[in-house]
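Q: Given only the sequences and the hints, what does the whole structure look like? Please build it.
The chain contents come next:
There are 2 protein chains.
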Amino acid sequence: MSDAAINKVVLLSGGMDSTVAAALARREGSIACLHFTYGQRTAARERRSFGLVAGVLGAVERRIIYLPHLGSFGGSALTDRSLDVPDADPARVGVPATYVPFRNAQFLAAAVAWAETLQAQAVVYGAVEEDGSGYPDCRGVFVDAFNRLVETGTKVGAELRVEAPLLHRRKSEIIRLGLELGVPFHLTWSCYQDEEVACGRCDSCALRLRGFREAGATDPLPYRKL
Amino acid sequence: MSDAAINKVVLLSGGMDSTVAAALARREGSIACLHFTYGQRTAARERRSFGLVAGVLGAVERRIIYLPHLGSFGGSALTDRSLDVPDADPARVGVPATYVPFRNAQFLAAAVAWAETLQAQAVVYGAVEEDGSGYPDCRGVFVDAFNRLVETGTKVGAELRVEAPLLHRRKSEIIRLGLELGVPFHLTWSCYQDEEVACGRCDSCALRLRGFREAGATDPLPYRKL
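Protein chains in written order, with the working numbering: chain W, 37 to 262; chain Z, 37 to 262.
Since the hints were made in silico from the structure, they are not lab data. On a predicted model such as this, the values are computed, not experimentally measured, just so you know. Watch out, some of these pointers could steer you wrong.
These stretches of chain Z come out as covered by chain W in the derived footprint (C-beta under 8 Å, 3 or more residues) [claimed, not checked]:
id, segment
1, 137-143
2, 157-166
3, 169-177
4, 246-258
We put the beta carbon where it would ideally sit given N, CA and C, even for glycine.
A: Laid out in structure tokens, this is it:
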């Protein structure tokens, strides 16, 4: 472990939101980046994006944590190959089939544990609420509840906070912000389904493509012809 | 995975508190037991106790999750062999050196994820507040905060709760309760330091021995001559 002081621990999936959140944190100080492999379909592609993005941003520390139990619990189209990743559907109501039960609480808990030992001041969480997929654990009420948990359950208490700087941003704003910050969007990966050419049909691709369209920008990733 | 309905998921370290909590839950319905290996000194002994206790109690499901990152983060005498496990000291103020940063939040998050996929109604957490070691994540405020997290971060919301039935019990009461329930205390393990003969000196041994003494009972475990 390096002796350099770390300001913030960033949950970095390698998708566009967490990458922009990481770039924002990096502008303000030194970062450590944390990634999870948990049996998700696109694990290898996400790990590659994580490594490239962490490298480009100059993360002082990086760590990949394996949580295979998450996939083995089942209950999600992201980890269970017997379930199809659904196409994006703007009329869908409720929690999507790609919800992984209480996944982000596990990610955040590990990040807080690491941040506490590194004496970092914050964990950065790239959740997006209104313009996201409708996951319960990407909402402001969840982030607030998590901060109460950190306050009550750590030695450092309220000195360590979870920050969700993109929570109330639209995808198009996140992309514009990323372009201003020089974020390497070509190194990120968002597709839930595929690892080489993005499917363009899943929720995550649909939100990303609409965001680039609304931002008047071009997504540098390759998409399957639809 | 079995198809039998599970009422509660129990965090079962194999120590006396979680074993009594498991026995209480078992009296009311079917249980699944969850255990963690995370680089703690007495991991092998704890796993053995877990398996024996889960077997005696007739758990419908059991799972061991490996979280080696927890040990590798460091910052705790339970996982870092370069730090000594301190002797119990009634005059100690503050969080003990055996605190593992945000460990129980990680355990509870995994348990809630499993409980959500099993459609169980509760996670059982054997935390003890007043008569415990003074860990921040064994307090009622932490359990309340965790329940708010479950409510906001899962699909099932408030239908799933974390229960901490021993939170406000003294160790001696827990032992009496366990004796009434026929808990196999000889199969449990509490010592932080050793795996064959309990040290009798660490916080966990000291609390256990005092509890048995106050309950007027004899601890069936072997202790090192002090």
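Q: If a hint holds in the structure, say so; if it does not, say that too.
A: Evaluation of the provided hints:
1. With a cut-off of 8 Å between beta carbons, the segment 137-143 of chain Z has 6 residues touching chain W; three or more are needed, and the interface restraint holds.
2. Note: the segment 157-166 of chain Z has 0 residues with beta-carbon separation from chain W under 8 Å; the three-residue rule is not met and the coverage is violated.
3. Counting residues of the segment 169-177 of chain Z whose beta carbon lies closer than 8 Å to any beta carbon of chain W gives 4, which meets the minimum of three for the stated coverage.
4. Restraint check on the segment 246-258 of chain Z versus chain W: 0 residues with Cβ-Cβ distances below 8 Å, three needed, restraint violated.
This entry does not satisfy hints 2, 4, going by the numbered hints stated previously.
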